[in-house]
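J.: Listed below, chain by chain, are the residues.
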Amino acid sequence: MEPLAPHEKVYVDSEFAEDENHGQIGCEECHGGNPSDPNWKTAHKDVVRDPSYPDPTESCGQCHDEIAETAKTSLHMTLAPYKKMIDMRANPDESVHAKVDAARETHCNSCHSSCGQCHVSRPDSVDGGLLAAHLFQKRPPVHTVCTACHGSRIDKEYFGKNAGIPPDIHKEKYFRCDKCHTGKEMHEDGKDYANRYEVENAPKCVACHEDIYKDTSENVKQHTDHKDKLSCQVCHSMPYKNCYACHVGKDDQGLAYYKTKGSMLNFKIGLNPLQSEKRPEKYVTVRHVPVDQNTFSFYVENGLSRFDVLPTWKLATPHNIRRQTPQNKTCNSCHGNADLFLGEKDVKAEYMKANKKVIVPSELIPQKVKD
Amino acid sequence: MKPLRCAVLCILALVVSLCFMGDSWSQATTGENHCFTCHTNPRKLIQITREIAQARKGEPGKSAAIEGEG
Chain A
1 MEPLAPHEKV YVDSEFAEDE NHGQIGCEEC HGGNPSDPNW KTAHKDVVRD
51 PSYPDPTESC GQCHDEIAET AKTSLHMTLA PYKKMIDMRA NPDESVHAKV
101 DAARETHCNS CHSSCGQCHV SRPDSVDGGL LAAHLFQKRP PVHTVCTACH
151 GSRIDKEYFG KNAGIPPDIH KEKYFRCDKC HTGKEMHEDG KDYANRYEVE
201 NAPKCVACHE DIYKDTSENV KQHTDHKDKL SCQVCHSMPY KNCYACHVGK
251 DDQGLAYYKT KGSMLNFKIG LNPLQSEKRP EKYVTVRHVP VDQNTFSFYV
301 ENGLSRFDVL PTWKLATPHN IRRQTPQNKT CNSCHGNADL FLGEKDVKAE
351 YMKANKKVIV PSELIPQKVK D
Chain R
1001 MKPLRCAVLC ILALVVSLCF MGDSWSQATT GENHCFTCHT NPRKLIQITR
1051 EIAQARKGEP GKSAAIEGEG
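Protein chains in written order, with our numbering: chain A, 1 to 371; chain R, 1001 to 1070.
Please note that the accuracy of each hint is not assured.
[As the list claims (entries may be wrong)] Now the stretches of chain R that chain A is said to cover, found in silico as 3 or more residues with beta-carbon under 8 Å:
no.: 1; segment: 1038-1049
no.: 2; segment: 1063-1069
[What the hints assert, rightly or not] Below 30 Å or equal to it, Euclidean Cα-Cα: the simulated DSSO-like pairs (lysine-lysine) are:
no.: 3; chain 1: A; residue 1: Lys9; chain 2: R; residue 2: Lys1057
no.: 4; chain 1: R; residue 1: Lys1062; chain 2: A; residue 2: Lys261
no.: 5; chain 1: A; residue 1: Lys250; chain 2: R; residue 2: Lys1044
no.: 6; chain 1: A; residue 1: Lys179; chain 2: A; residue 2: Lys329
no.: 7; chain 1: A; residue 1: Lys278; chain 2: A; residue 2: Lys204
no.: 8; chain 1: R; residue 1: Lys1044; chain 2: A; residue 2: Lys259
no.: 9; chain 1: R; residue 1: Lys1044; chain 2: A; residue 2: Lys9
no.: 10; chain 1: A; residue 1: Lys250; chain 2: A; residue 2: Lys191
no.: 11; chain 1: A; residue 1: Lys83; chain 2: A; residue 2: Lys173
no.: 12; chain 1: A; residue 1: Lys227; chain 2: R; residue 2: Lys1057
no.: 13; chain 1: A; residue 1: Lys282; chain 2: A; residue 2: Lys357
no.: 14; chain 1: A; residue 1: Lys259; chain 2: R; residue 2: Lys1057
Hints are computed from structural coordinates only; laboratory data are not their basis.
Ideal Cβ positions, reconstructed from N, Cα and C, are used throughout, including at glycine.
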């Protein structure tokens, strides 16, 4: 993503005044400040750069009231699952927990978004800057918004930037992110979700591929045989990125930093840790997330004392879908192929207990079949 | 008579408020909006952002200790 020059970040297209909706609202009504003051320094007193964060109801909500009301508690805005997950792992001692919480706020929660940081500017976490000179973007642009944040994994998977791995088939069909991840999913419905997989209106492959279970479908047998047993990605995703050992802290100048170990391309099928009526599959693709028992050690020792309550290999929906993949070439490309399944061999000894629920025991690896 | 008096009062109130609204409307349209004139002027923005950069010279940006993918 091309960086913006400092003046480009705040340049407003005069065409904005022609926007019959947003252009008719005085600048100060959303941003504060004093438009009649010719001195830029004093005019900017109390200016709010992003009036939509953390609560968009007084700005966007003046017109988009229903969306603003739910968007303010959406996962992009609050990153609430981070807190939920870290709280579960955190040391129950109040003073230790408070330090973990402060570290989470400083580091993990700095990557939130907002109405403005999708529809008007680049997200703050990637240095901000107006997207199209303050012209509102109904559909957030892919490269300067979505993958500006989701860059390490999704961007590289979807656009085929991982060496030797082709791009997602949907990318080749020119699908933008919002083709699957609609506004309804992004703006949510105000419910307090535990994780993004629970969100109502999240993408469902069968919403488009509705014919796969029909008798006339080319691979109806394969799809029917595996229905509700495997997630779509188990057969259709390519190797994807796994990250390890994130440690956070502050340097000599007091600036926040993170350090992660090199990521690895891999493909692993694990037992579904979030099995539910909505996601009944027994086998799903799992991705190693960068959490580590010592992630917050810079701030407090033994901060994540209950580390083992959650797996470090999490349910994943990789974004490099292909019709044909190494594991679906033949039945026995997968059946009996222990390398594809998350086993004890793939898990560090100290994280064995945490991952017990997702590790596939050898007796649960599907037996070879007669081709 | 009462409804008639009431109607006259209402009309009077409306006329007065329209006069005031018109006054503030004309103020808003004739007064310069410095946000807009400045933020739509690249030359001015370059000058100010350089001024800001100069004032912030030496201030650290992102930590040099960052390693790996986020």
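J.: Checking each numbered hint in turn, tell me which of them this model violates, lowest number first.
T.: Hints 5, 8, 10, 11, 12 are the ones this structure does not satisfy, whereas the remaining hints hold.
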